[in-house]
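Engineer: The primary structure of each chain is shown beneath.
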Amino acid sequence: NAGVTQTPKFRVLKTGQSMTLLCAQDMNHEYMYWYRQDPGMGLRLIHYSVGEGTTAKGEVPDGYNVSRLKKQNFLLGLESAAPSQTSVYFCASSRPGTAFDYGYTFGSGTRLTVV
Amino acid sequence: GESVGLHLPTLSVQEGDNSIINCAYSNSASDYFIWYKQESGKGPQFIIDIRSNMDKRQGQRVTVLLNKTVKHLSLQIAATQPGDSAVYFCAEPFSGGYNKLIFGAGTRLAVHP
Chain A
1 NAGVTQTPKF RVLKTGQSMT LLCAQDMNHE YMYWYRQDPG MGLRLIHYSV GEGTTAKGEV
61 PDGYNVSRLK KQNFLLGLES AAPSQTSVYF CASSRPGTAF DYGYTFGSGT RLTVV
Chain B
1 GESVGLHLPT LSVQEGDNSI INCAYSNSAS DYFIWYKQES GKGPQFIIDI RSNMDKRQGQ
61 RVTVLLNKTV KHLSLQIAAT QPGDSAVYFC AEPFSGGYNK LIFGAGTRLA VHP
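Protein chains in written order, with the working numbering: chain A, 1 to 115; chain B, 1 to 113.
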């Protein structure tokens with residue numbers, strides 16, 4: 001099915017370990033986003049990309065890096081995981097214009113636990 | 001991913017009743033607002049949106065009301081069904097364009113038979 005695919009779905013890391021979350025979309029969307037979702041809070045924007053080879057910081061970028069080497073993929077990296085990064089991570093994509101006109105497509109999320 | 005939001009406010013309704021979920025937004029200059037539904041283990045799904053020059057917009061069983069005077073948004077679900085049980089979020093544009101969104105904390109809707 002067309003949409004946004006996130007891998008892995010679950011992961012447990014030890015403090016200080018590194019990992020990469022992969023997001024892939026097959027809708028030819030220009031824009032891609034990484035959000036994190038914590039208990040009692042709305043989704044918060046970590047980083048985003050407006051096209052292949054571009055990335056930009058969002059609301060809570062510290063401790064994360066991203067890359068968009070191919071239009072369909074957006075990678076989120078944690079270089080040295082901390083317990084504060086325990087969260088559910090969502091990737092989303094959209095077309096240029098407004099979210100009102102075209103909407104977001106979200107992946108199903110990655111639950112990350114850092115111990 | 002499993003749903004988060006263990007500490008979210010919860011609205012409990014009986015099946016068949018109408019539900020009203022509220023949201024306060026922060027930016028009086030936002031030119032549109034979106035409601036999302038998130039079921040357990042899934043990502044948010046678009047429900048309905050409204051432009052700031054509108055007071056009301058209706059969809060299938062859902063209505064969004066916008067009160068710009070008090071910066072308040074509500075989502076009304078008619079004849080609530082068990083399948084409506086989920087967490088509901090409102091969202092508004094983030095500054096700087098590129099479709100970035102700011103999400104509210106969410107409300108959990110629990111529908112009882």
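Hints may be right or wrong, so weigh each one.
What the hints assert, rightly or not - Computed footprint of chain B on chain A, listed as stretches where at least three residues anywhere in the stretch have a Cβ under 8 Å from a Cβ of chain B:
(1) 31 to 40
(2) 45 to 54
(3) 63 to 73
(4) 77 to 86
To be verified - Derived pair list, reagent style BS3-like, types lysine-lysine, alpha-carbon separation capped at 27 Å:
(5) Lys14/A <-> Lys57/A
(6) Lys57/A <-> Lys70/A
(7) Lys9/A <-> Lys42/B
(8) Lys56/B <-> Lys71/B
(9) Lys14/A <-> Lys71/A
(10) Lys57/A <-> Lys42/B
(11) Lys14/A <-> Lys71/B
(12) Lys42/B <-> Lys71/A
(13) Lys42/B <-> Lys70/A
Honestly, the hints are just simulated from the structure, not real lab data. Where is the CB? At the ideal position from N, CA and C, for every residue including glycine.
Engineer: Need the status of pair Lys42/B, Lys70/A: alpha-carbon distance at most 27 Å?
Structural biologist: 25 Å, holds
Engineer: Are the Cα positions of Lys14/A and Lys71/A separated by 27 Å at most?
Structural biologist: 31 Å, violated
Engineer: Starting from Lys14/A, check that the Cα of Lys71/B is at most 27 Å away, please.
Structural biologist: 43 Å, violated
Engineer: Has the given pair, Lys42/B with Lys71/A, been kept, meaning a C-alpha gap of at most 27 Å?
Structural biologist: Cα-Cα ~24 Å, so holds.
Engineer: Starting from Lys56/B, check that the Cα of Lys71/B is at most 27 Å away, please.
Structural biologist: Between Lys56/B and Lys71/B the Cα gap is close to 14 Å, so the pair holds against 27 Å.
Engineer: Do at least three Cβ atoms from the region 77 to 86 of chain A come closer than 8 Å to Cβ atoms of chain B?
Structural biologist: Violated - the region 77 to 86 of chain A has 0 residues with a Cβ nearer than 8 Å to chain B, which falls short of three.
Engineer: Given the hinted pair Lys57/A and Lys70/A, is their alpha-carbon gap at most 27 Å?
Structural biologist: 18 Å, holds
Engineer: Are Lys9/A and Lys42/B close enough, with their CA atoms no more than 27 Å apart?
Structural biologist: 11 Å, holds
Engineer: According to a criterion of three or more residues whose C-beta lies within less than 8 Å of a C-beta of chain B, is the region 31 to 40 of chain A covered?
Structural biologist: Coverage by chain B holds here, the residue count being 7 at a Cβ distance below 8 Å.
Engineer: Keeping to a limit of 27 Å between CA atoms, is the pair of Lys14/A and Lys57/A held or broken?
Structural biologist: 25 Å, holds
Engineer: Counting residues of the region 63 to 73 of chain A with a beta carbon closer than 8 Å to any beta carbon of chain B, are there 3 or more?
Structural biologist: violated (count 0)
Engineer: Against the 27 Å threshold, does the CA-CA distance of Lys57/A and Lys42/B hold or violate the hint?
Structural biologist: 25 Å, holds
Against the hints set out earlier in the document, violations occur for numbers 3, 4, 9 and 11.
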